[in-house]
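There are 4 protein chains.
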Amino acid sequence: MRTAIRRAAWALNRLFPALLMLPALGAGAGAQSGPDLSAAMDDLVAANRILYRQGVVDGFGHISIRHPERKDRFLMSASLAPGRVAKADIMEFDLDGRPIDQRDRSIYSERFIHSEIYKARADVNAVLHSHSPTVIPFSVSQVPLRPILNSAGFLAPTVPVFEMRRVAGSGSLLVTDGMRGKALAETLADRPVALMRGHGNVVVGPTVQRVVARAIYTEVNARLLLQAITLGGPLIYIDAEEGKAGEGNRDRNEAGHATDRIWQLWVEEAMGTPETKR
Amino acid sequence: MRTAIRRAAWALNRLFPALLMLPALGAGAGAQSGPDLSAAMDDLVAANRILYRQGVVDGFGHISIRHPERKDRFLMSASLAPGRVAKADIMEFDLDGRPIDQRDRSIYSERFIHSEIYKARADVNAVLHSHSPTVIPFSVSQVPLRPILNSAGFLAPTVPVFEMRRVAGSGSLLVTDGMRGKALAETLADRPVALMRGHGNVVVGPTVQRVVARAIYTEVNARLLLQAITLGGPLIYIDAEEGKAGEGNRDRNEAGHATDRIWQLWVEEAMGTPETKR
Amino acid sequence: MRTAIRRAAWALNRLFPALLMLPALGAGAGAQSGPDLSAAMDDLVAANRILYRQGVVDGFGHISIRHPERKDRFLMSASLAPGRVAKADIMEFDLDGRPIDQRDRSIYSERFIHSEIYKARADVNAVLHSHSPTVIPFSVSQVPLRPILNSAGFLAPTVPVFEMRRVAGSGSLLVTDGMRGKALAETLADRPVALMRGHGNVVVGPTVQRVVARAIYTEVNARLLLQAITLGGPLIYIDAEEGKAGEGNRDRNEAGHATDRIWQLWVEEAMGTPETKR
Amino acid sequence: MRTAIRRAAWALNRLFPALLMLPALGAGAGAQSGPDLSAAMDDLVAANRILYRQGVVDGFGHISIRHPERKDRFLMSASLAPGRVAKADIMEFDLDGRPIDQRDRSIYSERFIHSEIYKARADVNAVLHSHSPTVIPFSVSQVPLRPILNSAGFLAPTVPVFEMRRVAGSGSLLVTDGMRGKALAETLADRPVALMRGHGNVVVGPTVQRVVARAIYTEVNARLLLQAITLGGPLIYIDAEEGKAGEGNRDRNEAGHATDRIWQLWVEEAMGTPETKR
Chain Y
0 MRTAIRRAAW ALNRLFPALL MLPALGAGAG AQSGPDLSAA MDDLVAANRI
50 LYRQGVVDGF GHISIRHPER KDRFLMSASL APGRVAKADI MEFDLDGRPI
100 DQRDRSIYSE RFIHSEIYKA RADVNAVLHS HSPTVIPFSV SQVPLRPILN
150 SAGFLAPTVP VFEMRRVAGS GSLLVTDGMR GKALAETLAD RPVALMRGHG
200 NVVVGPTVQR VVARAIYTEV NARLLLQAIT LGGPLIYIDA EEGKAGEGNR
250 DRNEAGHATD RIWQLWVEEA MGTPETKR
Chain R
0 MRTAIRRAAW ALNRLFPALL MLPALGAGAG AQSGPDLSAA MDDLVAANRI
50 LYRQGVVDGF GHISIRHPER KDRFLMSASL APGRVAKADI MEFDLDGRPI
100 DQRDRSIYSE RFIHSEIYKA RADVNAVLHS HSPTVIPFSV SQVPLRPILN
150 SAGFLAPTVP VFEMRRVAGS GSLLVTDGMR GKALAETLAD RPVALMRGHG
200 NVVVGPTVQR VVARAIYTEV NARLLLQAIT LGGPLIYIDA EEGKAGEGNR
250 DRNEAGHATD RIWQLWVEEA MGTPETKR
Chain F
0 MRTAIRRAAW ALNRLFPALL MLPALGAGAG AQSGPDLSAA MDDLVAANRI
50 LYRQGVVDGF GHISIRHPER KDRFLMSASL APGRVAKADI MEFDLDGRPI
100 DQRDRSIYSE RFIHSEIYKA RADVNAVLHS HSPTVIPFSV SQVPLRPILN
150 SAGFLAPTVP VFEMRRVAGS GSLLVTDGMR GKALAETLAD RPVALMRGHG
200 NVVVGPTVQR VVARAIYTEV NARLLLQAIT LGGPLIYIDA EEGKAGEGNR
250 DRNEAGHATD RIWQLWVEEA MGTPETKR
Chain E
0 MRTAIRRAAW ALNRLFPALL MLPALGAGAG AQSGPDLSAA MDDLVAANRI
50 LYRQGVVDGF GHISIRHPER KDRFLMSASL APGRVAKADI MEFDLDGRPI
100 DQRDRSIYSE RFIHSEIYKA RADVNAVLHS HSPTVIPFSV SQVPLRPILN
150 SAGFLAPTVP VFEMRRVAGS GSLLVTDGMR GKALAETLAD RPVALMRGHG
200 NVVVGPTVQR VVARAIYTEV NARLLLQAIT LGGPLIYIDA EEGKAGEGNR
250 DRNEAGHATD RIWQLWVEEA MGTPETKR
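These protein sequence lines are chains Y, R, F and E, in that order. Per numbering that gives the first Met the number 0: the first sequence = residues 0 to 277. Per numbering that gives the first Met the number 0: the second sequence = residues 0 to 277. Per numbering that gives the first Met the number 0: the third sequence = residues 0 to 277. Per numbering that gives the first Met the number 0: the fourth sequence = residues 0 to 277.
It is possible that part of the hints are untrue.
All copies of an identical chain are treated as equivalent in the list; a pair is satisfied when it fits inside any one copy or across any two copies.
SDA-like, lysine to any residue: derived pairs with alpha carbons at most 20 Å apart [what the hints assert, rightly or not]: (1) 70 / 234; (2) 86 / 267; (3) 86 / 263; (4) 118 / 98; (5) 181 / 45; (6) 86 / 255; (7) 243 / 168; (8) 118 / 71; (9) 243 / 167; (10) 181 / 246; (11) 243 / 162; (12) 118 / 234.
No lab work stands behind these hints: they were computed from the structure.
Isolated chain Y (complex conformation) (with noise of 0.2 Å):
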């Protein structure tokens, strides 16, 4: 009984969020309104809470989605930890990474990884640029990540790595302008996942769970392709056709299914359900 009102709360909290949490009263930037943008702006706050509880970023990284009602902007936190991220701090910036209305908010230095890529990319929904730890060091050496994992699927059949002396020499490694992040954009193609040597990597994709998703498994699958290189010998890597055939089951989206499943349990642990919230 305690389980299935938990759902149903669950669920109810997911339809319609703005009945069980504060309506964003003037919280976020001028432009933001209606209910689609309520929800959307729900799962980036959650996004951002998962991505911490799951190790992928620590206090640094950022995740964004694209503005649901006009394609030209985007949404991401002001400049906070991704785990104390809420939904007042959800602002929006326009394709040159310029926010609508900052009023006295602390930016990230490194929106252009987030701006360029909208810019360049239609199908893209949202942007994640994370310091994944495991990620580094097949970024700083020349062992290819490559997926073993099913999960993992979408990293074949090659993951680029950006390397920041090819575009502004030995100095910061930060994508601190439009520039730096156009040629990050470049590097990443039309791939769901680029590596930033020394740095991290982004993560692309068309919704927001499907990014926090990919990141979480891109994780995963350095860990255990770490671990299969240690054992020594060939390794069977996912090919293209079945790195294929797992997105196919993913862009198929059904309730109960492939991100959607994980995608409850998650948000579930992330952000608390509304019985152990109150």
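Chain Y is already provided as a structure; the job is to place chains R, F and E on it using the hints.
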């Protein structure tokens, strides 16, 4: 005193779960009934939660038990992350993987792993499919997973690896029909564990408690073997006699010994005691 | 202020545990009595909980202390997972591993590890058998477990490995009788730690606090040595002089230093303070 | 709303800690006084708790700050596990490691690490000694600890290793007098980090926040470098220019950026917010 009460309540709960838990009024599938069934379902729920807590499953993976009163049926959750499964989610399936009373519930697409193993193995009363992380590297390499730890002696002498490409070519790695499930059951043969290349494993046994313990120590042994291989040089494996002796101890199934001792701990941690639940 | 009260209560609890905990009225074995015994039993319960919390034991493993008033007896829990042991579970055994007052309680089948070591080692007042995970790889390889960490200097110069096959051929790895226990004690000789091939280790010492600390730092050192070996090339080990100097510091047993400092932390975490318990 | 209140309370606490915390009435050492001092002591307590929570210290290790009003004094806890340190435990020491007002308190025997570094390094306002686990393997091997991660760029170009045998022969590895402390300070020279063979490291910096962040990312970088070395082949390290650029960002010390962003997260987690504390 608190501890004694806690233990007594726990024991009572184990003996008469119906007293302390809500009866599954109309909650499960049509043909379910009787006190054995209710206790079995409690164990199955606990198994789901334990496997999640111990890191054998994440949001994916599923565990089933053969119906205690009908050998041609098995019980398994609707399509949920194992860490979220409750008694009301348990459904009944026939040995072709058809739900007896599906209603509007989403079901696991890989249920054929379970149905085909129950068909092929009269000795098996519980089946797990997991993405147990550290078995993945062994599944994609040519280094066999062998036991070095007494608690994993059931892995002796060897663990087979299922390769979907041999069955159905390059494509989806999911076991989504009876043909694929049958091929997996054939690879498993009379063993307790088989790896699935790039995907995970299946673990089977005479009781759900044994399957949970086998799954956990398979993961532990994989981690330790990886470390031993890292050290380099020849290793001493648990041999067939040692494996048999260990299984003999566990088959005796004495109170306070072997699987019984650790199952009590796992249940307390994953489910809470009656005291902590209130 | 809260902290000061917490500390005072904690100290009080340490000095007069009988004031704050339920008296073990008829709870333990027949011959038990006196305030020293009660305090010793509290420490033994804490040791069980600490070892579980620190990952040295899982549901298996057992720790004992020599009876503070009778050198020919030792105290150990009935057959329970260490993380579930409470004061009422502590039983008394003679040096042949016979329970003094068993009643209906299940007892550890490997109690002969303890009885035979107490017989052979007058300097030893506490004995642990564990499946400490990272010692397993060393127990099955030809790479010796040696100290590289100051806190594990007691492992210098070498750690022996017990091989059951030499004693009883291939079969059960469990130390289930006096003959096997005696052989293990002979392998241990005058050392603080011996590994048991494919099984775990034994750790002994003058006090239960020292045994707990030795067990934890044996595990930590095993992890770090494995990493150092992974780096490659020659390593600098803690040498015999350094090991002796470290043990000298710990033998002085000063308040707020060495084992005392970390034991306070471990007890608070594993048992809760009186404040958090209420 | 809850979040906004929490943030406001948190900010208030940071600005006026004396309002929300118990005044340290006679709690600290004789010469202590003033609001700067009280805030500095709060930060020092937080640093102790954070380092424990992040796994840089276990029950051992100690962090100090230079007295904000007297450059010839430093502040450090009495001899306690860092995870248990509270404001009332903070003591004052002179630059020869003598406590100003010891009373009956036990003090760290390695306080000379701190006193000698403060003497030698006018730029340093905080000093940590830890047994940071993953630096140990590097301290005993010939493989240098070098940065591969942007957040650890301060380690470029190299990290020195202190060898006690060169100073005092084989024996205790503890820095228990001024001679040993001075030798360690000489090995450190003008660097932010030095390893101590078989023992741990020292980490220094201009503020306690920077020292905490440096200690945490030194540990993270050690883990990732170990993994990168496991992959094999040549690696790309953070070079001197990249290291300098990263430190330049951190030196700017802007609200919501670099160390400030992650320090807020760490404090919330280690100390609780005023809300969660009540």
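A quick look at each hint next to the structure:
no., hint, in the structure
1, 70 / 234, "neither (42 Å within a copy, 40 Å between copies)"
2, 86 / 267, "both (17 Å within a copy, 18 Å between copies)"
3, 86 / 263, "both (19 Å within a copy, 18 Å between copies)"
4, 118 / 98, "within (16 Å within a copy, 47 Å between copies)"
5, 181 / 45, "neither (28 Å within a copy, 40 Å between copies)"
6, 86 / 255, "between (26 Å within a copy, 17 Å between copies)"
7, 243 / 168, "between (37 Å within a copy, 14 Å between copies)"
8, 118 / 71, "within (8 Å within a copy, 56 Å between copies)"
9, 243 / 167, "between (35 Å within a copy, 15 Å between copies)"
10, 181 / 246, "neither (27 Å within a copy, 25 Å between copies)"
11, 243 / 162, "between (28 Å within a copy, 18 Å between copies)"
12, 118 / 234, "neither (38 Å within a copy, 33 Å between copies)"
Checked against the numbered hints given earlier, this structure breaks hints 1, 5, 10 and 12; the rest are met.
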